[in-house]
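There are 2 protein chains.
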Amino acid sequence: MTTIKIYDTTLRDGSQAEDITFTVEDKIRIAHKLDENGFHYIEGGWPGSNPKDVDFFDKVKHSTFKQAKIVAFGSTRSPRKKADQDPNLNHLLRAGTEVVTIFGKSWDMHVKQALETDLDENLRMVAESIRFLKQRTSEVLFDAEHFFDGYKKNPEYAFKVIKEAERAGADWIVLCDTNGGSMPWEVHSIFETVAGEIKTKLGVHTHNDSELGVANALAAVKAGALQVQGTVNGYGERCGNCNLVSVVPNLKLKMGLDCLSDEHMKKLKALSSFVDELANRSHWNHQPFVGKSAFAHKGGVHVSAIRKNRETYEHIDPEKVGNQTRILVSDLSGKSNIVFKAQEFGLDIDSKDPKVQELLEQLKRAERLGFQYEGAEGSFELMMREGLGQREEHFEFVGFRVIVEKRREDEAPIAEATVKVKVNGVQEVTAAEGDGPVNALDKALRKALTRFYPELEEMSLYDYKVRILDERKGTSAKIRVLLESGDHNSKWGTVGVSEDIIEASWQALIDAILYKLGIASRHEKVTPGTPAP
Amino acid sequence: MTTIKIYDTTLRDGSQAEDITFTVEDKIRIAHKLDENGFHYIEGGWPGSNPKDVDFFDKVKHSTFKQAKIVAFGSTRSPRKKADQDPNLNHLLRAGTEVVTIFGKSWDMHVKQALETDLDENLRMVAESIRFLKQRTSEVLFDAEHFFDGYKKNPEYAFKVIKEAERAGADWIVLCDTNGGSMPWEVHSIFETVAGEIKTKLGVHTHNDSELGVANALAAVKAGALQVQGTVNGYGERCGNCNLVSVVPNLKLKMGLDCLSDEHMKKLKALSSFVDELANRSHWNHQPFVGKSAFAHKGGVHVSAIRKNRETYEHIDPEKVGNQTRILVSDLSGKSNIVFKAQEFGLDIDSKDPKVQELLEQLKRAERLGFQYEGAEGSFELMMREGLGQREEHFEFVGFRVIVEKRREDEAPIAEATVKVKVNGVQEVTAAEGDGPVNALDKALRKALTRFYPELEEMSLYDYKVRILDERKGTSAKIRVLLESGDHNSKWGTVGVSEDIIEASWQALIDAILYKLGIASRHEKVTPGTPAP
Chain A
0 MTTIKIYDTT LRDGSQAEDI TFTVEDKIRI AHKLDENGFH YIEGGWPGSN PKDVDFFDKV
60 KHSTFKQAKI VAFGSTRSPR KKADQDPNLN HLLRAGTEVV TIFGKSWDMH VKQALETDLD
120 ENLRMVAESI RFLKQRTSEV LFDAEHFFDG YKKNPEYAFK VIKEAERAGA DWIVLCDTNG
180 GSMPWEVHSI FETVAGEIKT KLGVHTHNDS ELGVANALAA VKAGALQVQG TVNGYGERCG
240 NCNLVSVVPN LKLKMGLDCL SDEHMKKLKA LSSFVDELAN RSHWNHQPFV GKSAFAHKGG
300 VHVSAIRKNR ETYEHIDPEK VGNQTRILVS DLSGKSNIVF KAQEFGLDID SKDPKVQELL
360 EQLKRAERLG FQYEGAEGSF ELMMREGLGQ REEHFEFVGF RVIVEKRRED EAPIAEATVK
420 VKVNGVQEVT AAEGDGPVNA LDKALRKALT RFYPELEEMS LYDYKVRILD ERKGTSAKIR
480 VLLESGDHNS KWGTVGVSED IIEASWQALI DAILYKLGIA SRHEKVTPGT PAP
Chain B
0 MTTIKIYDTT LRDGSQAEDI TFTVEDKIRI AHKLDENGFH YIEGGWPGSN PKDVDFFDKV
60 KHSTFKQAKI VAFGSTRSPR KKADQDPNLN HLLRAGTEVV TIFGKSWDMH VKQALETDLD
120 ENLRMVAESI RFLKQRTSEV LFDAEHFFDG YKKNPEYAFK VIKEAERAGA DWIVLCDTNG
180 GSMPWEVHSI FETVAGEIKT KLGVHTHNDS ELGVANALAA VKAGALQVQG TVNGYGERCG
240 NCNLVSVVPN LKLKMGLDCL SDEHMKKLKA LSSFVDELAN RSHWNHQPFV GKSAFAHKGG
300 VHVSAIRKNR ETYEHIDPEK VGNQTRILVS DLSGKSNIVF KAQEFGLDID SKDPKVQELL
360 EQLKRAERLG FQYEGAEGSF ELMMREGLGQ REEHFEFVGF RVIVEKRRED EAPIAEATVK
420 VKVNGVQEVT AAEGDGPVNA LDKALRKALT RFYPELEEMS LYDYKVRILD ERKGTSAKIR
480 VLLESGDHNS KWGTVGVSED IIEASWQALI DAILYKLGIA SRHEKVTPGT PAP
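Protein chains in written order, with numbering that gives the first Met the number 0: chain A, 0 to 532; chain B, 0 to 532.
Do not take every clue at face value.
As the list claims (entries may be wrong) - In the DSS-like style, the derived pairs of lysine-lysine whose C-alpha atoms are separated by at most 30 angstroms in a straight line are:
id, chain 1, residue 1, chain 2, residue 2
1, B, Lys419, A, Lys472
2, B, Lys477, A, Lys442
3, A, Lys472, B, Lys111
Since the hints were derived computationally from the structure, they do not count as laboratory data. Keep in mind it's a predicted model, so treat the numbers as computed, not measured.
Next comes chain A alone, as it looks inside the complex (with noise of 0.2 angstroms):
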């Protein structure tokens, strides 16, 4: 059974969204969850066009992928260079990646607007430039540049460009619909004819300008493209790519092609969720399979039908893309979770035991104040634990103070905080400057129970977020901090919601801190130190 290649360019077509910037580390995490994910294509950016990418691939050189290739991006060398010579082939030389992505015009009006030379030399562009990479690296791709607009235009044109490209020997010929305007149906046609005449492995690259991505993708592995290039919840420049984690399913379950595993499939869900994170953009609650109203019902009809048979009204199993349905009137799932969980975190508890219904309240109602444990499994499981009545105290919280001066306006404000906690009935008082609020509350707190636990030493901050629940509210919003925390041998995430940044900023610090105590540390005995004089 022939497998579907899946490509993804999140982090260069991706990355080219208005409203995404992902920092090197990002693209870096990106790449191992898309490798661990399945994804056969990685493409990390454009060595050629800023010093970003050029760390990215310095520094994921050294890191192992289970399967993935990783892919650098550039064009064809420019109009009458030697392509030796060109900078921009050099820079995907030096990537040292062992797929090389390069595009070319296929359009003839961009070859004489854009490129302003001949339509002879972006033929010989082209292939040298294909011929000169074939010699360097194992495999290259040919992206065919506004393929489908070149060929409506000037089919004889647009099929020499990509004819060259497998006279020079390129692996795969991928013909893009840059500008996202064709219709399924033209793409399925010019597809089809192009398949009929070319030899060489044949992809496909799709735009969402039409809201056809998807549609356009899938048309053409219909006419036998035996690649898809897209990017995670269809980021991208405009409107966007096409969205992979729409195509995968479609493939899989609608057309029965091979492309991702099942158990890949089933972490498609998190996998859509992750992205979001890092690109610190709220999730899109009605993304196609994955979003969290996907198999949400609400209409009374659809509820009733759906209690007899799922498939009433729901097109898949959502469970295979690791979502699940939800009947907003009275979720039935709840209680199971929970169990789920608490086993998960090896807390011994039964489905009938009444803590676990009220667990489930107190789940509800935190998540309708805007928690979200999702990242934040250390505050989840230490309200399980405190549900439970297996919390400990490690300190009585007693109060804080922040101050935030400015005084000038050339110059930089002073934040400083103060801390009151109480261990074993002795008070402490500490206070600290740092740089802004929420890191003088930290440094001050760490100061006030390093004297009682040592081991808080171990612990360091990793990562810290914030998140505007509902931004149309200003300044008066709800906000969400997410903070990860971890030691030498393992890590947590937790939450804090309030309208005021350092309650919020307070709440998930507390958190990290008692689950370092009270659960990193289970194994070393926890109990407070004689304070040093």
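With chain A held as given, fit chain B onto it using these hints.
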């Protein structure tokens, strides 16, 4: 030339979306807006299902519509009831619309499991309900629910159902992909078969569960559908309905079919935002055709090409749907972007002017510090005017102090801000409490300035975003704040960056106010008024 009828169900199917609720007032305003936009049918609700919809039809009776027909929606009579005694059908008549749509089952599994009746009774339900309504209203539409799924499982029966509807005299038969699970080629071939055997006018109703809602609607039109049902912005249960805001331009500009007039097309973007506003949903920036980013260009290659010929990277002329090309200011930008932007702001500047180079340097410095002007064009314009010596000083900053104090664990913290500013040598000290430090600062600052600049009363904050730039630095990371503010006739974004979230928010707040005073109110005379005693 045949006209494809546009049937909107935003007010009924659209409002079944998990996060959308319209008041009766909202529904009436939207109905009139759809009418002004040339839509042919407006489905107002399901009077049988809830009192709010009954209310809507009572109110809407008294208002007149240019051309749109208001439609009441409901189901066929219940099993083993007489049509004239069926409450649901009578509700439909009481709505008093000239057009009525009823849905019936065409999937045998649904008849048996959801309706729990036999196949012949379902045929009678369809026929008798249509006859009953046809005698009492001028136009009756029959929605064949789950038609495509039904046809795939049991074509004979699915076909029997619509044949009954035709015999009973339905004016339209609408084939529905209720679960949104069909592929475009399936929709096309099934629709084609039906169109060959049914004389009644055919419509299509699709959902977006496979991210193919728009593609499926277009496939049906290719196969003979004369009516497309959908919603504005694709609202709807689960993953939503087919998005009419994308269907219309595809029909008109890509398929060359008549549906809405050119004038109505130009109002699509405004319609999309209007409905988002009433639904209290923030605008989908990447929405095809009408999104803020739909014709926004960031990639350097794209920007230079778009300048030479917009067709290079735009699939349609954005003006046709009321949208426009935007060139994004970002680290990719060069001198020409600066000049382009200056012209946009109505600033007269020559590309040879050394100030342009200085501005470019300043922009790059700012971006290295973490400033980002996409979405913060207000701050960018202020920076430009300052660079060109055109920025007016409306007040002098002296200082601020923010205190956040929490005294007990179970007690909400108190946030208080003090602000000192000078306006025409008059020093003003004000303090305010708020929901968190930033809100307190915001309030105190406005309090201080509104006495002198009453027009600040017109300004409000729409959006507040916080992005941690180097998350891995934990609580000492750099923070970028984006604010969106506006008044009765415009909106502007401003930005601030600092390790201190309060300082970052302060910068963005100051810019927002300066923009209001110096630019938004440009045409009104802006001089400090005499402070009220």
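For each hint, the structure was consulted:
| no. | hint | in the structure |
| --- | --- | --- |
| 1 | Lys419(B) to Lys472(A) | 25 angstroms, holds |
| 2 | Lys477(B) to Lys442(A) | 17 angstroms, holds |
| 3 | Lys472(A) to Lys111(B) | 49 angstroms, violated |
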